[in-house]
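Engineer: Residue numbers (my numbering), protein chains in the order written: chain A, 0 to 610; chain B, 286 to 505.
Everything labelled a hint here was simulated from the structure, so no lab data went into it. Where is the CB? At the ideal position from N, CA and C, for every residue including glycine. Treat the hints loosely; a few may be bogus.
What the hints assert, rightly or not - Straight-line distance between alpha carbons at most 27 Å, and here's what the computed DSS-like set of lysine-lysine pairs gives:
1. A:K398 x B:K357
2. A:K403 x B:K342
3. A:K431 x A:K489
As the list claims (entries may be wrong) - Computed list of chain A residues with no C-beta within reach of chain B, every gap over 10 Å:
4. P225
5. K366
6. L525
7. T528
8. K536
Claimed, not checked - Pair by pair, the computed Cβ-Cβ distance ranges are:
9. A:P557 x B:E397: 47 to 55 Å
10. B:K357 x A:N141: 51 to 59 Å
11. B:F341 x A:K403: 23 to 31 Å
12. B:K398 x A:N594: 47 to 55 Å
13. A:N594 x B:E486: 39 to 47 Å
14. A:K403 x B:K492: 40 to 48 Å
15. B:K398 x A:R500: 31 to 39 Å
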Amino acid sequence: MNSIKKSPTDEVGKRSYTNFSQLNGEHPFKTQVPGGRVEYKARYRKGGKVAFFNFELAKEMGLIAKNHPNSLTPDLEREILDTFSLTIINEYDLMNDIKFAEEDIFPNTFMATRYLQLQHPDKMGRTSGDGRTIWNGSVRNNGITWDVSSCGTGGTKLSPACNINKKFYQTGDPSVSYGCGLSEVAEGLETLFFSEVLGKNGFKTERVLAILEYDKGIGINVRANPNLIRPSHFFSHLRQGNLETLKQVADYYISRQVENKAWEVTSFKTTKEKYYYLASQMARSFAETAAKFENEYIFCWLDWDGDNILMDGGIIDYGSIRQFGLFHAEYRYDDVQRYSTTILEQRQKARYIVQCFIQIADFLTTKKKKSLSHFRTHPIMQSFDKHFIDSKNKNLLQKIGFKKKDQDHLLKNHLDKVTRFRKVFSYFERSKSKRGMYKVPDGINRDAIFCMRDILREFPQLYLTRLNTLSHEEFLEIIKSSYARKSDLKLTDIRKKQINRFQSHYLSLITALEKDFNISRTHLMLELTMRSSVINKCDRVTGDSITYIVQKVQKLRPKLTAHELFELSQQFASYQNLDPDQKLVVANSPERHKNIMQNLYSIVRECREGL
Amino acid sequence: MKLVFYSGGDEKENLTLDHSFLELIDKKNPVITFIPSSSYLSEQEFKSFVRHYSKFKITRFIYFPIDVPFDKIIFSEVMRSDAIHMAGGNTFYFLNSLRKAKLLPQLKKFAEKGGVLSGLSAGAIMMTENIEMAGYPDFDRDENIVNVKNLSALNLVDFLFFPHFKNSPRYDAVFNKYTRSTDKIIYACPDGAGIVVKDDEIRFIGKCYAYSKGHKFNIN
Chain A
0 MNSIKKSPTD
10 EVGKRSYTNF
20 SQLNGEHPFK
30 TQVPGGRVEY
40 KARYRKGGKV
50 AFFNFELAKE
60 MGLIAKNHPN
70 SLTPDLEREI
80 LDTFSLTIIN
90 EYDLMNDIKF
100 AEEDIFPNTF
110 MATRYLQLQH
120 PDKMGRTSGD
130 GRTIWNGSVR
140 NNGITWDVSS
150 CGTGGTKLSP
160 ACNINKKFYQ
170 TGDPSVSYGC
180 GLSEVAEGLE
190 TLFFSEVLGK
200 NGFKTERVLA
210 ILEYDKGIGI
220 NVRANPNLIR
230 PSHFFSHLRQ
240 GNLETLKQVA
250 DYYISRQVEN
260 KAWEVTSFKT
270 TKEKYYYLAS
280 QMARSFAETA
290 AKFENEYIFC
300 WLDWDGDNIL
310 MDGGIIDYGS
320 IRQFGLFHAE
330 YRYDDVQRYS
340 TTILEQRQKA
350 RYIVQCFIQI
360 ADFLTTKKKK
370 SLSHFRTHPI
380 MQSFDKHFID
390 SKNKNLLQKI
400 GFKKKDQDHL
410 LKNHLDKVTR
420 FRKVFSYFER
430 SKSKRGMYKV
440 PDGINRDAIF
450 CMRDILREFP
460 QLYLTRLNTL
470 SHEEFLEIIK
480 SSYARKSDLK
490 LTDIRKKQIN
500 RFQSHYLSLI
510 TALEKDFNIS
520 RTHLMLELTM
530 RSSVINKCDR
540 VTGDSITYIV
550 QKVQKLRPKL
560 TAHELFELSQ
570 QFASYQNLDP
580 DQKLVVANSP
590 ERHKNIMQNL
600 YSIVRECREG
610 L
Chain B
286 MKLVFYSGGD
296 EKENLTLDHS
306 FLELIDKKNP
316 VITFIPSSSY
326 LSEQEFKSFV
336 RHYSKFKITR
346 FIYFPIDVPF
356 DKIIFSEVMR
366 SDAIHMAGGN
376 TFYFLNSLRK
386 AKLLPQLKKF
396 AEKGGVLSGL
406 SAGAIMMTEN
416 IEMAGYPDFD
426 RDENIVNVKN
436 LSALNLVDFL
446 FFPHFKNSPR
456 YDAVFNKYTR
466 STDKIIYACP
476 DGAGIVVKDD
486 EIRFIGKCYA
496 YSKGHKFNIN
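Whenever a hint applies, use it, and build me the whole structure from the sequences.
Structural biologist: This is how it looks when you write it as C-alpha cells:
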C-alpha cells in the first residue's frame, strides 16, 4: 500500500492533500488514555472505490483546498482510498496466523475505544466499545480539531458477538451480522442523508466524510466530528471504579473542548471547578438536546449507557434514529430482548446521564465514589430541569415563527403567557388515537392524531385574511392528521375549550408584542405567516422517508458518481432546511438530478406524518 | 374576466404591470393567494412575493402550495380571496399538480366570477387554452418531467402566451412556422412586459410581439 502512495496535487506545483496523512491511526486519546482503547495493526483493503465524498466538510476540515472543485480527481480518489480503505488485523487473524502482504500493512496501529454498552453481558464496560470501528486520527483546521473514525473496518474484540459467544470472529464471517465487523453502504447513506438534514437544522451530529464501496454492498463509512467522545466512554470506567482512567478520559475530553473553544470557560482555577464545569456543561447540553428531541420529534434511544449520543448531545449512530412526522410519543423500538425508551422518556434518561456526570465530578474530586442517588437533588440537576423547560419554551416560540428578538422578549417579560400556550399546545400534540397501542414493523406505537405543523402554518394566514379566529370545526379540520379516525375527532366540551384556549393564548403572545413594541398586529401576523411557512413546511423528513430514500438512491447508484451523490445530498439538505432566515441559493442542476430530486420529494411527502 | 400575464423579470421591470394588477383588484388591502408551481423551496418565493406586494400596503396573503395535501378550510379561503397569483416554474409539473388537485375547474370558476387571476411565466401560460408554448421551441423549453400528456389548461383567452421572449430571428422562424398552421395568435413578451385582460379589453404593457398566420407584428 505504501509503495503506491504518491504526493498528489490539485494545483500545479502545489501539494494539496497532505493533511490526509494526519489520519494515519495516531490520535492523542491513544497516549492520554491508554486504558481506554485497544490497538490493531491494519492492512490496506483492495477493491474499494469512493461512493461518496463530502467536499464541503473536507474543506471545513482542511483536507482539501477551499478552491478545490467538488469533483473526485483520480489523485483525490487515490488519497481517500489510501487513507481509509483498511481492515484491521484482529485476534482471529493473529490466532490463525493469517498472512498478509507486508507492503499492505499500515505502519501505525489504529485504536478501537472502550465504552459502556448495555448489550454486553458484563454491563461494566470491561469488554465493550467500538465493535467494528477504528479511529483514523484527528486533523486540525481553523482552530478546530476534528476526530475521524471509520465504521466497517473489521471486527474487534469489543463487539457484543465476541463477548456473548466468547470467541473471536474473522472479519466478514457470515455467521454473525454486527459482529462480523463489516458495514453496508446503505448504512452510510442513511447517516449521510439524515445527518446533513439535521445538521442544517441546528442539531449537533456526526457527519459523513466519505463512503467507500466494495462488493455486495459492503462499505466503510467515514465519520467526522470535532469531538467523538460519548458519555459511555466515561461510564465504563465509572462503573468499574477506575479512577485513574476515568480522570484521563475527563482530562482528555476537557482539553479538547478547551482547544476547540467549544466552551465559554477555557481555564480553571482548581480541578474541582474543572470537573463540576464539565457536569454543568453536560446539564446544559443534555437539557437542550432532550428538549429539542421532544420538540422536533426525534427518537434517539437514550439509555443509561450513553452510547447513542455524543458528549455535547450530538447524534451518533443513525441506525436507531428516527424523526417522526407527528408526536408519536408512545412509539417503542423492539430490540428483541427489550423495548426502547419513548420520546418522552428521553428527558429522564438525559437527566440520569447528567446525574452520572455529577457523580463523576465528585468522584474525581474526592476520590470516593458515592452512590448515584446521593446527587439526585444536586443544584446541577435543578439547573437541568430549569434549562429543559426554558429550552422547550424557546423552541416552541421559534416553531411558531417568532424572531429571536421577540422570543427573548416574550421569555423574559411574558413567561406566563408562553407557559399557558405551551400547555394547550401539548394537549393537542399529545392527543392519541382511540385505536390504542399496535405493532408497527419495528416496534409498537399508539398514533398521534394531530399535526401541529399544519395549524402553526395556517393559523396566522387565516387569521390575517379573516381578522377573526377559527371555528371549532375548522380548527379540527386543519389540525387532524391522516392517523385520526372519526372517533378521535369528537368535538367534546373539553376539546372546544382547548381550541378556544389555543387561539386566545396564541393571540395573547401577539398582543404582548404589539403593545410592547408598538407594532401592528397585521405586521406581526404577516411575519409569522412567512416564517412559519418555512419552519412548518408540509413536507418534512421522517425516519421512514429516509429508509425509502436510501433504497431509491441505492437503485440509482450504479449510475451516480461520488460527486453527483454529494450534490444530491446537499440539495436534499437544502430542501429540508427549515431556517426561515436562510439565504437560499438555488443550484443549477442537470435535468436528471431534478428528476431524482422530484422522486425524493414525493417520498418525503408520502411519509410526512409517519415514523 | 380580469387577468394579468407576467412574462418575468425583476420588481422594477414589472412595476407598470403591478399597478395594472392592483387596479384590477380595486380594493384596499385585498387578500392575495400565492400558488407556487411546485412546493419545492416555494416558501422562499412566497416570502419574496409578500415582501414585494407589502410595498403596496397589502398585508393579507395566503400561501397555497398545491402539490402537497391541503385542507378544505384553506381552500375555501383561497376561493374567497380577491386575487390569485400563479407563479413561474416548470409548466408541465404545475399543470399536472393543478389537475391532480382538481383545481383547474375551480380556478376557471374563480376567474369567471370576477376574481383577479394573474400568472408569471408558467402561471401565465396556464391561463391559455393549453401549455404547448412551454414545450416550444426546442431550444427554449421546459422539460416534461412528469410526462403529462393532456396539455389543456384553463382556456380563459383565445391567444397563446410566450414568456421570457428574446427578439431574434431564431424565434421568428419557429413562431412564424407555428402560426401558419393555426388560427391562434402567439403573444410573445420579453421580461418586464405583459398583458392585462379586462373582460373584452386587452392591454399590452411594455414591448410585446404578436405572431399570426406566419407573420410577426410589433406591439407598443
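Engineer: Run through the hints listed earlier and report the numbers of any the structure violates, in increasing order.
Structural biologist: 6, 7, 8, 12
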